[in-house]
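Trainee: Quick mapping for you: the protein sequence lines, in order, are chains A and B. Numbering-wise (our numbering), the first sequence opens with residue 1 and increments by one. Numbering-wise (our numbering), the second sequence opens with residue 1 and increments by one.
By construction, these hints were calculated from the structure, which means they are not laboratory data. Computed from a predicted structure; not experimentally measured. There may be inaccurate statements among the hints.
[Stated by the list, open to error] With a straight-line cut-off of 30 Å between C-alpha atoms, the simulated DSSO-like cross-links for lysine-lysine are:
#	chain 1	residue 1	chain 2	residue 2
1	B	K54	A	K355
2	A	K154	B	K114
3	A	K137	B	K114
4	B	K54	A	K293
5	A	K358	B	K114
6	A	K189	B	K114
7	A	K112	B	K28
8	A	K508	B	K28
9	A	K313	B	K28
10	B	K54	A	K508
11	B	K114	A	K314
12	A	K442	B	K54
13	A	K186	B	K28
14	A	K322	B	K114
15	A	K13	B	K54
16	A	K112	A	K229
17	A	K508	B	K114
18	B	K28	A	K154
19	A	K313	A	K293
20	A	K134	B	K28
21	A	K199	B	K114
[Said to hold, decoys possible] Distance ranges between label pairs, derived from CB positions:
#	chain 1	residue 1	chain 2	residue 2	range
22	B	A44	A	V2	50 to 60 Å
23	B	N34	A	E297	34 to 44 Å
24	A	N191	B	A44	23 to 33 Å
25	B	H57	A	E297	20 to 30 Å
26	B	H57	A	T152	24 to 34 Å
27	A	M168	B	A44	29 to 39 Å
28	B	A44	A	R193	31 to 41 Å
29	A	T291	B	D32	50 to 60 Å
Every residue, glycine too, gets a C-beta built ideally from N, C-alpha and C.
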Amino acid sequence: MVTGAKLVVEALKREGVKVIFGIPGLSNMAIYDELYDYISNEEIRHILMRHEQGAAHAADGYARITGRPGVCTATSGPGTMNLVTGLITAYWDNSPVVAITGQVPRAVIGRKAFQEADVLGVMQHIAKYVVQLKDAKEIPLWIKNAFYIASTGKPGPVVVDIPRDLLMAEVDDIVWADEPLIDGYKPFKDNIRDEDIDKAIDILVNAERPLILAGSGVMWSGASEELIKLSELLLCPIVSTLLGKAAVPHDYPLYLGVVGYYGRAEANMALLESDAILVVGARLSDRTIPTFKDLQEGGRRIIIINIDPTDIKKLPIDVDVKICGDVKVALRALLNRILNISHNSSRYNWISRIKELKEFYAKYYYVEDDEFGLKPWKVLKTIREVLPPDAIVTTGVGQHQMWIANFWDVLQPRTLLTSGGMGTMGFGLPAAIGAKVARPDKVVVDLDGDGSFLMTMNNLAVTIEENLPILVVIFDNRSLGLVRQVQRMFFRGRVVGVDFGSSPDYVKLAESFGAIGYDVGSYEDLKTAVRRSINDAITSVIRVPTYRGELALPTLPPGGSLKEVILYDVRKGS
Amino acid sequence: MTSERVVRVVCHYRDASLLERVIATFRKLLIDINWIYGRLVNDAGLYEVYLGVKDHHNFLAAVLDLSKIVNVIRVEILNNVDLIDLRDKGIFNDLMHTRSETFIVYIPQIGSTKCYSWGEECG
Numbered sequence: 001m002v003t004g005a006k007l008v009v010e011a012l013k014r015e016g017v018k019v020i021f022g023i024p025g026l027s028n029m030a031i032y033d034e035l036y037d038y039i040s041n042e043e044i045r046h047i048l049m050r051h052e053q054g055a056a057h058a059a060d061g062y063a064r065i066t067g068r069p070g071v072c073t074a075t076s077g078p079g080t081m082n083l084v085t086g087l088i089t090a091y092w093d094n095s096p097v098v099a100i101t102g103q104v105p106r107a108v109i110g111r112k113a114f115q116e117a118d119v120l121g122v123m124q125h126i127a128k129y130v131v132q133l134k135d136a137k138e139i140p141l142w143i144k145n146a147f148y149i150a151s152t153g154k155p156g157p158v159v160v161d162i163p164r165d166l167l168m169a170e171v172d173d174i175v176w177a178d179e180p181l182i183d184g185y186k187p188f189k190d191n192i193r194d195e196d197i198d199k200a201i202d203i204l205v206n207a208e209r210p211l212i213l214a215g216s217g218v219m220w221s222g223a224s225e226e227l228i229k230l231s232e233l234l235l236c237p238i239v240s241t242l243l244g245k246a247a248v249p250h251d252y253p254l255y256l257g258v259v260g261y262y263g264r265a266e267a268n269m270a271l272l273e274s275d276a277i278l279v280v281g282a283r284l285s286d287r288t289i290p291t292f293k294d295l296q297e298g299g300r301r302i303i304i305i306n307i308d309p310t311d312i313k314k315l316p317i318d319v320d321v322k323i324c325g326d327v328k329v330a331l332r333a334l335l336n337r338i339l340n341i342s343h344n345s346s347r348y349n350w351i352s353r354i355k356e357l358k359e360f361y362a363k364y365y366y367v368e369d370d371e372f373g374l375k376p377w378k379v380l381k382t383i384r385e386v387l388p389p390d391a392i393v394t395t396g397v398g399q400h401q402m403w404i405a406n407f408w409d410v411l412q413p414r415t416l417l418t419s420g421g422m423g424t425m426g427f428g429l430p431a432a433i434g435a436k437v438a439r440p441d442k443v444v445v446d447l448d449g450d451g452s453f454l455m456t457m458n459n460l461a462v463t464i465e466e467n468l469p470i471l472v473v474i475f476d477n478r479s480l481g482l483v484r485q486v487q488r489m490f491f492r493g494r495v496v497g498v499d500f501g502s503s504p505d506y507v508k509l510a511e512s513f514g515a516i517g518y519d520v521g522s523y524e525d526l527k528t529a530v531r532r533s534i535n536d537a538i539t540s541v542i543r544v545p546t547y548r549g550e551l552a553l554p555t556l557p558p559g560g561s562l563k564e565v566i567l568y569d570v571r572k573g574s
Numbered sequence: 001m002t003s004e005r006v007v008r009v010v011c012h013y014r015d016a017s018l019l020e021r022v023i024a025t026f027r028k029l030l031i032d033i034n035w036i037y038g039r040l041v042n043d044a045g046l047y048e049v050y051l052g053v054k055d056h057h058n059f060l061a062a063v064l065d066l067s068k069i070v071n072v073i074r075v076e077i078l079n080n081v082d083l084i085d086l087r088d089k090g091i092f093n094d095l096m097h098t099r100s101e102t103f104i105v106y107i108p109q110i111g112s113t114k115c116y117s118w119g120e121e122c123g
């Protein structure tokens with residue numbers, strides 16, 4: 001006889017779980033009681049986060065780095081509800097997370113019991129799946145099912161909600177599931193047809209100005225190598241979504257950058273000028289393609305590879321070739337076909353045009369110092385120069401995220417974690433913790449804004465006690481800068497509710513947690529602080545004072561076309 | 001007048017959240033539901049739900065989303081549907097005599113169907 005709680009922990013171990021991010025409370029305490037031995041034996045590591053939102057983000061960060069589900073746990077009621085923001089963030093970005101939540105006993109469910117929340121009612125809308133268990137004997141099967149659902153098809157978070165009485169129940173006749181068993185679930189199947197591959201190749205080879213748009217599907221399927229190879233063979237430039245940025249090494253000369261609302265102007269222009277586009281693992285959200293007229297105009301041929309057929313069918317545009325399947329498998333099929341045909345893709349004019357676009361827009365981006373302090377693009381360039389190529393970077397959400405979208409050079413795949421779909425402020429630090437747990441051998445950096453950092457900065461304590469040295473760089477403009485920017489540009493300059501009247505001393509704040517704080521005033525100071533923090537191998541917080549009026553550019557007007565890109569602050573007259 | 005679309009959802013019942021998820025798929029895409037009828041088909045948890053929803057430009061998106069919800073086996077769009085109001089057939093005459101409220105059952109007479117399962121057309 002074992003308890004339901006023991007079944008939970010043993011089932012997690014059997015799924016290969018090595019780490020759990022969480023906070024204990026009344027309703028998941030039995031799980032912790034069973035974890036005691038596993039933690040003591042160093043079979044499973046527990047990371048005590050300082051808020052459940054952070055636990056979900058950390059599990060998400062872990063998943064994005066390893067490609068395997070990250071696990072978090074919370075107690076019933078407020079604990080589980082605090083997971084919501086983190087889980088929907090993972091859901092929107094297709095990250096596999098498994099949340100094990102304690103629930104009040106079945107005898108009091110529905111009676112507004114102490115720390116009760118309707119977990120099914122809430123989570124069913126913000127996760128890929130949620131199940132509330134009815135019998136302790138179900139625990140092994142549903143833990144297995146949760147991992148299967150989370151990691152197959154289009155990955156996403158799964159919640160297993162377990163009433164406390166089931167965790168305490170004694171179980172005999174334990175049945176360990178060898179295979180998942182879920183009625184009414186199947187991962188999307190690869191449906192890559194030879195005729196579609198032929199047609200796609202025909203379009204791409206014969207196009208004069210082909211372009212590849214890479215999305216996060218490239219990263220999740222580990223297909224960066226295939227993507228670059230195809231681009232090389234076709235002499236086909238690449239643009240990406242914000243999340244797809246993590247899939248393309250930026251020193252590849254045919255990469256132009258992120259396309260879309262806050263994308264690089266040359267990437268947007270290349271998309272508009274292209275006559276054929278291969279969309280790889282991207283769902284073409286409103287952030288990437290603000291108006292579909294841009295895609296549809298000019299008779300552009302469109303080929304889409306996506307594992308989820310509904311992502312293609314739901315698009316309000318005509319798609320010439322629809323390839324439903326795993327990105328890596330589909331790209332290999334394209335590569336195999338192109339290697340077996342003779343083609344001559346010189347594309348001198350198109351490649352020259354790409355170079356011209358890059359050079360033209362660079363003039364607007366790389367403005368040297370003015371009286372307004374350190375320039376974000378140069379801050380990022382300075383940090384990039386000091387960090388190793390395989391350093392992992394996370395971000396919060398706000399202006400700094402847009403600067404990173406445009407001016408941070410990803411040098412190795414899967415080294416940039418950001419909340420793309422949900423745009424969740426506070427993602428950066430806890431996601432960095434998850435990344436550092438997954439890859440303790442890598443330098444992990446949270447490039448954050450002050451508004452974003454302040455939302456989850458309590459987790460600095462975790463980095464100290466768990467010996468997870470993380471470098472936090474804060475663009476400190478004492479404001480919610482991106483909202484401020486939109487108010488200035490598109491709400492008649494009526495700036496309201498965004499400027500912080502009081503902000504912490506970040507050096508003292510860092511020190512109060514046992515970390516090291518730096519306040520830098522120059523690029524040289526910054527370089528020194530970054531080097532020192534890497535060498536010291538202790539969490540460091542570097543404050544970079546940032547001019548409050550600095551804009552995140554390029555941008556588009558709300559609802560605007562990619563043609564309407566705004567390149568500079570007209571009020572500065574430059 | 002807005003025309004109505006009728007769908008049949010074949011799914012697997014674990015708890016009543018199944019019905020919430022089916023309904024919410026339309027709600028999330030701003031589609032109104034005119035009527036709904038569902039029942040447990042067998043002891044193995046097979047469930048079928050019929051819904052009459054207002055036609056909407058998001059209708060196909062809702063069907064596609066519904067087709068890839070965990071526990072949903074397939075979604076059928078029932079085309080050329082005649083809805084038979086059983087009040088007109090005299091079947092519930094006895095019941096109607098004893099009840100003041102109206103009891104309406106729609107029986108879809110199906111002309112053709114288009115079926116989706118996990119985003120793929122399935123017949």
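Trainee: Give a verdict on every hint.
Mentor: A quick look at each hint next to the structure:
1. For the suggested pair K54/B and K355/A, the alpha carbons sit about 51 Å apart, so the restraint of at most 30 Å is broken.
2. Between K154/A and K114/B, the direct Cα distance comes to roughly 24 Å. Compliance with the 30 Å bound is thereby established for this hinted pair.
3. Restraint check for K137/A and K114/B: not satisfied, since their Cα atoms lie roughly 39 Å apart, outside the 30 Å limit.
4. Among the hinted pairs, K54/B with K293/A is consistent with the structure: their alpha-carbon atoms are about 27 Å apart, no more than 30 Å.
5. The straight-line distance between the Cα atoms of K358/A and K114/B is roughly 48 Å, outside the 30 Å bound, and the hint therefore fails.
6. Only pairs whose Cα atoms come within 30 Å are accepted, and K189/A paired with K114/B is accepted, the gap being roughly 20 Å.
7. For the given pair, K112/A sits about 27 Å from K28/B by alpha-carbon distance, which is consistent with the 30 Å threshold.
8. Restraint check for K508/A and K28/B: the C-alpha separation of about 46 Å exceeds 30 Å, so the hint is violated.
9. Annotation: proposed proximity of K313/A to K28/B holds, straight-line Cα distance about 18 Å (limit 30 Å).
10. Taking the CA atoms of K54/B and K508/A, the gap is about 59 Å. The hint is violated against a cut of 30 Å.
11. Proposed proximity of K114/B and K314/A is supported: the alpha carbons are some 16 Å apart, at most 30 Å.
12. With a C-alpha separation of about 54 Å, the suggested pairing of K442/A with K54/B is violated against the 30 Å cut-off.
13. Restraint check: the Cα-Cα separation between K186/A and K28/B comes to about 23 Å, which is no more than 30 Å; the hinted pair holds.
14. With a C-alpha separation of about 20 Å, the suggested pairing of K322/A with K114/B holds against the 30 Å cut-off.
15. The straight-line distance between the Cα atoms of K13/A and K54/B is roughly 48 Å, outside the 30 Å bound, and the hint therefore fails.
16. This hinted pair does not check out: K112/A and K229/A have alpha carbons roughly 58 Å apart, beyond 30 Å.
17. This hinted pair does not check out: K508/A and K114/B have alpha carbons roughly 64 Å apart, beyond 30 Å.
18. Distance check on the hinted pair: K28/B and K154/A sit about 20 Å apart at the alpha-carbon level, within 30 Å; holds.
19. Taking the CA atoms of K313/A and K293/A, the gap is about 17 Å. The hint holds against a cut of 30 Å.
20. Of the pairs offered as hints, the one joining K134/A and K28/B holds, with about 28 Å between alpha carbons and a cut-off of 30 Å not exceeded.
21. A threshold of 30 Å between alpha carbons decides the hint, and for K199/A with K114/B the separation of about 27 Å falls inside it, so the pair holds.
22. Hint check: A44/B to V2/A, Cβ distance near 29 Å, so the stated range 50 to 60 Å is violated.
23. Checked against the hint of 34 to 44 Å, the C-beta distance between N34/B and E297/A comes to roughly 38 Å, which is consistent with it.
24. For the hinted restraint 23 to 33 Å between N191/A and A44/B, the CB-CB distance of approximately 29 Å keeps it satisfied.
25. Judged by the Cβ atoms, the range 20 to 30 Å given for H57/B and E297/A holds: they are separated by roughly 21 Å.
26. For H57/B paired with T152/A, a C-beta distance near 31 Å keeps the hint of 24 to 34 Å intact.
27. A hinted range of 29 to 39 Å holds for the C-beta pair M168/A and A44/B, which are about 30 Å apart.
28. Taken as a hint, the range 31 to 41 Å holds for the pair A44/B and R193/A, whose Cβ atoms sit roughly 35 Å apart.
29. Judged by the Cβ atoms, the range 50 to 60 Å given for T291/A and D32/B is violated: they are separated by roughly 27 Å.
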